[in-house]
Amino acid sequence: MTDAEIRALILELIGEIAPEADLASARDQDDLREAFDLDSMDFANFVVALHDRLGVNIPEVHYNRLFTLERAIDYLRDAVAQ
Amino acid sequence: MPALGADMEAGTLVEWLVKPGDRVNSGDVIAVVETQKGAIEVEVFQTGVLSDILVPVGERVPVGTVLAQIDGAERATPAPAAEPVITPPPIVAPRKTPPLRAVVAPRVGRLKVTPAARRRAAALNVDIATIVTGSGVEGSIRLADVESAGAAPVRAAAKRGLDLSQMRKAIAAAMSRSKREIPHYYLTETVDLSAASTWIERFNVDKPPVERILPAVLFLKAAALALREQLRLNGAYENDAFVPSSNIHVGWAISLRGGGLIAPAIRDADKKSLAELMGAMRDLVERARRGNLRSSELTSPTVTVTNVGDRGAESVTGIIYPPQVSIVGFGRVVARPWVVDGRIESRPLVTVTLAADHRATDGHIGGLYLAAVARLLQEPEKL
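So the protein sequences, as listed, match chains A and S. Going by this note's numbering, the first residue of the first sequence is number 1, and it counts up by one from there. Going by this note's numbering, the first residue of the second sequence is number 1001, and it counts up by one from there.
Please note that a few of the clues may not be correct.
Label pairs and their in silico Cβ distance ranges [to be verified]:
#, chain 1, residue 1, chain 2, residue 2, range
1, A, ASN64, S, ALA1173, 40 to 48 Å
2, A, LEU23, S, GLU1201, 28 to 36 Å
3, A, ASN64, S, PRO1208, 16 to 24 Å
4, A, ALA81, S, GLU1009, 54 to 62 Å
5, S, ARG1311, A, LEU23, 14 to 22 Å
6, A, MET1, S, ALA1275, 26 to 34 Å
Don't read these hints as lab results, they were simulated from the structure. All of these numbers come straight from a predicted model, not from anything done at the bench. For each residue, glycine too, the CB sits at the ideal point set by N, CA and C.
Working from the sequences, and respecting the hints, build out all of it.
Dropping the structure here:
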C-alpha cells in the first residue's frame, strides 16, 4: 500500500467511528484522539477495524504508534509489508 | 408512553413497527418514540395479538398514555423494567418480526460480528441477523460478509437522531431535581491498579483486537460485585422510602459527541463475564451514539457507573440520577508515587468516588463499599 492509501484508509475508518469528524482538517502531526475526540472504546474499535481491513494484529504496546497520522502511516506501512 | 427518564413528561410517537393483527412477543420492539434523549425503541413485555393502535404517528402524548391494545395479553416473562426503580412501561403492543434496527449488535456467545462489519451493515442498511454464516473465525461475520449481503437490504429504519438541545434540557431537569431533592454525601478512595494493569496486559496480549478488554471493564465488574456486599446502595428512593433492587443493572454513563450524556443499563452486570461486559459496553456505546437505545435500557438501571477514560480528569464526583441512590466514578489512571512496604514506588492509580443518597445510607456503608471495590481490583483474575 502507498502512504496515501494508508492515510485514506485511516481516515475512512475514523469516519466510520466518528461520523461527525471533520476529516479534511486532519493534520499529520495531530493526536488523532484529540483531533477527533476518540475515547478508549473508539480507539479500540479503530484497532479492530485496522485488523479487519489490513489483517494487521497490532499489539497493545504499539497503540501509541498509531496516535498521529504520521506515525500510524509509518507503522502500518511496515506492518503490512511484513 | 413509557417513562424513560426521571423528568420525562411526554414523548412523540414517530414510528409503528407493527400493525393491527400482528402477533407480538414479550421483548419485541414495536414502536419508536422521540424523547429528549433521542429516539428510543419501545419494547413490550406481553405476548398476544395487537388489536388496536391508539396513538398515531406524529402525536405527542403524556407519559402513561396507552399506545396500543394487545388481545390475549399475558406476561410471558418478567418485564426487564420490573425492578422497583422507575415506573414500568405501560401497555403497548409488540410485533413478531425482529426490531428494525439496521444492525444487530454482536452478543458474546451468540452472534459474533466485527465492528467494521457492523458499521458497514449500518451504512448499507443490512440486517446482520440475516447473514447465516460468517467467514471469520468461528463463523464470525466480517466486513466481506456484510458487503456480500448488501444486495438484500432490509426496510429502512426510522429516521433517528439526537437533538442535543433537548438532551441538555433533560439533563438539566434530572440533575437539578437530584441536587434539589437528594442529600448527597461523597467519598473517595485511591486504588493501586498494579495488579489489574498487569493482569489486563497478560489477558490481552495473545488475543486479537476484537477480543481484548479495556480497564473500564474491570471497573464496571468490580463496582457491580461490590454492590452485592452493600445492597442499600443499589435500588431507588421513592415515596419517602428506599426500595432495594434484587438485580444489579448498571447504568453505564456514555458521553455523546457534541455534548450530552446518557446512561443505559447493562443488566445483571455482576453476573456477566468480562468478555460479555466488554461486548455490552461496545454495543451500548455504538447504539447510544446512533440513537438506537431501547426503552428498558433507560428505565432499568439500579445504579450508575461513570468512567472518564484515559483522556478524562483524575477524578469524577457524580450527581445521582433520580430515583437511584448512588453513582460510582472512576477517574483517569495515572502514575503516581505510592508507598509499598515502606518504600516509595511509581504505581498506576485510579481515584474511585462514590456519591450516595444520605436518605438511604450513611458514610460508613459507602466506605465499606469503596473498600470492597478496591479489594476486588486487587484480584482481577477473580472478576
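Could you work out which of the previously given hints the structure breaks and list their numbers from low to high? Violated: none.
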